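Novice: Sequence:
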Amino acid sequence: MAYETLIVEQHGAVTLVTLNRPKALNALNAQVLADLEAAFAAFEADAGQGCLVLTGSEKAFAAGADIKEMQPQGFAEMYGPDKFAGYDRMLRATSKPWIAAVSGYALGGGCELAMMADYILAADTAKFGQPEITLGTAPGMGGSQRLTRAVGKAKAMQMCLTGRMMGAEEAERAGLVAEIVPAAKLIETALAQAATIAGLGPLAVKANKELVNAAFETSLSEGVRFERRMFFGLAASQDKQEGMAAFIEKRKPSWTGK
0 MAYETLIVEQ HGAVTLVTLN RPKALNALNA QVLADLEAAF AAFEADAGQG CLVLTGSEKA
60 FAAGADIKEM QPQGFAEMYG PDKFAGYDRM LRATSKPWIA AVSGYALGGG CELAMMADYI
120 LAADTAKFGQ PEITLGTAPG MGGSQRLTRA VGKAKAMQMC LTGRMMGAEE AERAGLVAEI
180 VPAAKLIETA LAQAATIAGL GPLAVKANKE LVNAAFETSL SEGVRFERRM FFGLAASQDK
240 QEGMAAFIEK RKPSWTGK
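Quick note on numbering: numbering that gives the first Met the number 0 labels position 210 of the sequence shown as 209, and the sequence is numbered without any gaps.
Taking lysine-lysine and the DSSO-like style, the derived pairs with C-alpha atoms no more than 30 Å apart in a straight line are:
id	residue 1	residue 2
1	LYS205	LYS239
2	LYS208	LYS249
3	LYS58	LYS95
4	LYS95	LYS249
5	LYS257	LYS208
6	LYS208	LYS251
7	LYS251	LYS95
8	LYS82	LYS67
9	LYS208	LYS239
10	LYS251	LYS239
11	LYS22	LYS58
12	LYS208	LYS154
13	LYS205	LYS249
14	LYS58	LYS154
15	LYS257	LYS95
16	LYS82	LYS58
17	LYS208	LYS95
If you are wondering where the hints come from, they were derived from the structure by calculation, not from laboratory data.
Remember, predicted model here, so these are calculated numbers, not experimental data.
Assemble the whole structure, with the sequences as input and the hints as a guide.
Specialist: Printed below as a string of structure tokens:
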């Protein structure tokens, strides 16, 4: 399938999606959103694909939402179609894990898109920020909410109120990114980690993603209760029996997703 603003490749059981608006530093416009929704839907529907990596260019993962597109839009033009709601649809429809591999700038909408991923791998050149306040506005794709959950109120408040950028090392210390890798190794590392995920039992992968996400939406007691029920449920799966048998027999498991 051809996309106007993306390059989509399959590497074994891993889908690599590259934002491809180089002249605009991969700024996110309506076409990018439409392409991402379609690409993620195709990934979700393909039983042969187990993990996705989303990346941009060496210079910019995505420098933000497209300001030229948004500048003339008022309340009605944004509220009527519920601008950015497509990203929520994309997330709700994607049960498989995906990784954001970030090099260069991830600002505004770019930072927000990266934070939608299950986790972020950052090149040592990565810079994150929510500079919307410098344009007289505020985050609109979940930035104030996800950033605060990732790095805490103090840093999130400082970044949203001043528009300052956070480098890769600070982002890792603060808990925004899972790991920093040299820029030249970013895609290689992301694909390797995605292949590891894709090579595991599909039911267990889906369950673990749901469990960690639930930690952000529930109380501790409710989260632990949900975890235990999921653990009991997985006990009825063929993959759990196969995984434990393979461990005992010292062999590689053969997953069926059942």
